[in-house]
Amino acid sequence: MTNEVLLDFNNVTMQFGGVTALSDVSVKIFRGEILGLIGPNGAGKTTCFNVMTGVYQPTQGSVVFNGSDITKLKRFQITQSGIARTFQNIRLFSEMTAVENVMVGADARKTSSIPAALLRTKHQRAEEKESYDRSMELLNLMGIADRASDAARNLPYGYQRRLEIARALATEPELLCLDEPAAGFNPAEKQQLNELIFTIRDRGYTVLLIEHDMSVVMNVSDRVVVLDFGKKIAEGLPSEVRSNPDVIAAYLGVPDDAA
Amino acid sequence: MPDWLIVRTFWDLTVTGLALGSIYALVALGYTLVYGVLRLINFAHSEIFMVGTFSALIASTQFLNIPMLEDGNYPYRTGGTLVLFLVFILFAAMFISGVGAVALERIAYRPLRGNGDAFGAIALAFLTSFVIGLIFVNETKANLIIACVGTAPISYSYLRFFKKGKKAPRLAFLISAIGASTAIAEAVGIWGPNRREQYQTPRILEKKVLFSALGTDVRIDYVIVIVGALLMMTALTLFVNKTKLGRGVRAVAQDAETARILGVNVDLIIVVTFALGGVMAGGAAMLFTMVYDQSRFNIGFILGVKSFTAAVLGGIGNLKGALLGGFMLGLVENYGSAVFGGQWKDVIAFVVLLVVLMVRPTGILGESLGRARV
Amino acid sequence: MSRLWELWKRLQSLSTDVQVRWKSMSRVQRLSGYVLAVLALYLAPWWPKIPGIGWLVNTPGTQFSTVLNDQVIIFVLVALGLNVVVGLAGLLDLGYVGFYAVGAYVVGVLTSQHASLPWLVVLPIAVVVSMLFGVILGTPTLRLRGDYLAIVTLGFGEIIRISAKNLDWLGASRGISDIGRPPSIGPLKFGVIDPKPYYWLGLTLVFLVVFCLHRLEESRVGRAWTAIREDEDAAELMGVNTFKFKLWAFAIGAAVGGLAGAHYAGKVGFISPDNFPLQLSILFLAAVVLGGSGNMYGAILGGIMVAWLPERFRNFTDKRVLVFGIALVLVMVFRPEGLLPRRVRTKSPMKSASGGQEVAQ
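Residue numbers (this note's numbering), protein chains in the order written: chain A, 1 to 259; chain B, 260 to 633; chain C, 634 to 994.
Extracted from the complex, chain A is given alone in its bound form (with noise of 0.2 Å):
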């Protein structure tokens, strides 16, 4: 983890009609390190992810990365700039096999378009390779590259979320927000998720992860953000946010199965 910034989410709040869903809500995220956050369902965590990966206009605020303000470009763009994301409900383009889902994330950083592709000039046919090839690589980096040629939809479901990853990894971002990737496993598919996401740390990548399994969050995250009813309510070390009073009252009683 370093000193720099990569993200920094500046005093966001959304509002929908009469719903506050995040109420001036600061945070940092610092280059190189695996951010948890967490906090009761409905407290604005994929609300958060949204603002940030330009789904939601936020309606007052900035989201700064990289020291730009990204905070009124398209989603593509934002993409483009180096932002990635998973999905809560498992998005897939599932008439597609694996390794085309993930190609179409590698296309982002494409720049051959309509008349090259009719051409075939040599620069398109290369970007078609160096898709393929890369795509395989991230294929075999999930450990899912068996059933590249599968129709996303016929894999079972640990495979969709590992592909999911993949694909996100794809648009070679520099930040990748993770939302909520252990859902539906088994605590030997959580223990193989956690060392998958100190992988990607270590690879160069930046972690931001919605999280409701603490032995998942609390193991991986070098830091946390706690969130409840829309305002950041703690922040700090997973020890420390562990123990705080307020998170505590929040969920009513931390779960005991923070292994």
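None of the hints are false.
Distance ranges between label pairs, derived from CB positions:
hint : chain 1 : residue 1 : chain 2 : residue 2 : range
1    : C       : Leu-647   : A       : Arg-125   : 30 to 40 Å
2    : A       : Tyr-251   : B       : Glu-516   : 24 to 34 Å
3    : B       : Gly-522   : C       : Val-690   : 50 to 60 Å
4    : B       : Ile-404   : A       : Arg-120   : 54 to 64 Å
Computed, partial: chain B to chain C, Cβ under 8 Å:
hint : residue
5    : Ala-367
6    : Leu-386
7    : Thr-387
8    : Leu-393
9    : Asn-397
10   : Ala-427
11   : Leu-433
12   : Ala-439
13   : Ala-446
14   : Val-564
15   : Trp-603
16   : Leu-612
17   : Pro-620
Derived coverage of chain C by chain B (criterion: at least 3 residues anywhere in the stretch with Cβ under 8 Å from a Cβ of chain B; other residues may be distant):
hint : stretch
18   : 765 to 777
19   : 780 to 792
It is worth saying that the hints were derived from the structure and are not from the lab.
Source: prediction; values computed, not measured.
We treat Cβ as the ideally placed atom computed from N, Cα and C, and that holds for glycine.
Assemble chains B and C onto chain A, guided by the hints.
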């Protein structure tokens, strides 16, 4: 639409524009209701309207035995008889359109939701064997016989298919709607009275001038149209706001799953929604025939697009919006025709639609049916 | 009923047998197979003469080669183009007849009404102008939700028709006559009577379009379109510039539609606004949907069916539109994917050149 708009003054245009707009508004209600509840553009709704006009026509000529007389010698009725006749025609149109809408839902949409029922299976089987028969022979009586023969075995296998409960993607609903719309219009064009020609109605209401104001003569039929539309609109609003079924409609429009969990019979609500839309279209149809004295198998399409425009203009899913949108569109169309010429009338509606969608995709009043700002 | 089902199943197993046999053939064998198929297609005008089975394809009442050109090839081209918009990118376009009309009218205006340029020169102009219309229509409207897009495109088609009807410089209701024909080269004479050269020209255009579209599909463009169709928001969050690709789909679809219109005008020599009614848009859509939206070969099959069937069974031409309306409903109820559903490509993208396995879904 016939070019009876040979009016020149601004207030003339306004009165006729409001009358025209009333018809748009009533049909728009059907679109907005179905869209609010099912997120589906019921393309075939315009044909439900067209069928309503033909019901009105047939009701007058066949059931009330009103003769078709020549220009200048209309079979006018007055007083109590007139009211009775008009009401009869109104109910006939509303009934047929309402039933038609319900049947349409069962045949073209319900199977796509995964709960096709026997009625739908039988109807689709009938249509299938009719079409297959056409490959071999093209004579209506023969085709009908073939169709009846084929219905039984085919409907059995269709029902088996329906049991699987396959749900179709959203695009499929739209295409099915388009298919139904085309089929109904063509069917009327092929077998309806006067085939593809214009069909005249007997005129029983003498279009006397009711009063004069602001330099224009206001005819009684315009007044009836506008007042009638407002009355029907009020009745619908009361139904949706005050009755149990109406609450169900609003609930399903907002969140079908939750409504289902809370015990609302979603399928019944959907039927009610279609029925309401159909009844409104039937009312519009009767008023239409009263003013225009004619109909044709293909009037549905252009009127449907304009009414849908009106619905979007006012805010899709919003009942008051449909009314507002309808009036606005009627006025804009009239004024526009006066400025640009009648032949560009239809283009005006499309351009208005495009502009509105660009500037305010949620429409003027913007809210959806579920939010009870009705 | 069950006999029909058995026949269908038999056809399916036959096709899988053929597919298996095909894969086991060598490259040379496959190449000669393709060549034979292409040759057979160019020889299509003589199919009805084949003893024994020729009668299957023949169209009583109209000369077979006229049907082939005036209807089948046109519908195939149109279906290919509309398939890009509706099937690949998932945009519901109900006014495709507008682009078709633009292509035809550009040819009409530049070869007859206001200039006398040769047809061959005007052809690319027609395609470009149609493409431009596609961009003009798409830019404000592609941000709209799918349902709204349908109505707006429908309006566009009608605006084109009404404008053609009311504008004198487009010929108004009279239409445009004496439209230029493709240039006669050697033995190929593009005259008034023989439709065969037109058919061959059209067929060549089809091959060209198929080639280009195939290249697009097997590239990041095709992937982007599929991603947009499946989950537009997720695609955008994965870095896909959805607006750009949707606009391109629209433009390409428009270009192909204009191409079809230009070819049509070059053959018939006379066009009027009545040639481009809304019902034609419905027929076009029916062709794509019935054949299999999203599948290029499905679109071709759909185009063939929609154009040829009513002529083959001349009986029900007056009920043609009715039948297609009913067919749309039936197909949506029982087989929304169409006859040839979108292929789930289980082959690796890099191996597509040498032909991997394709499993039809």
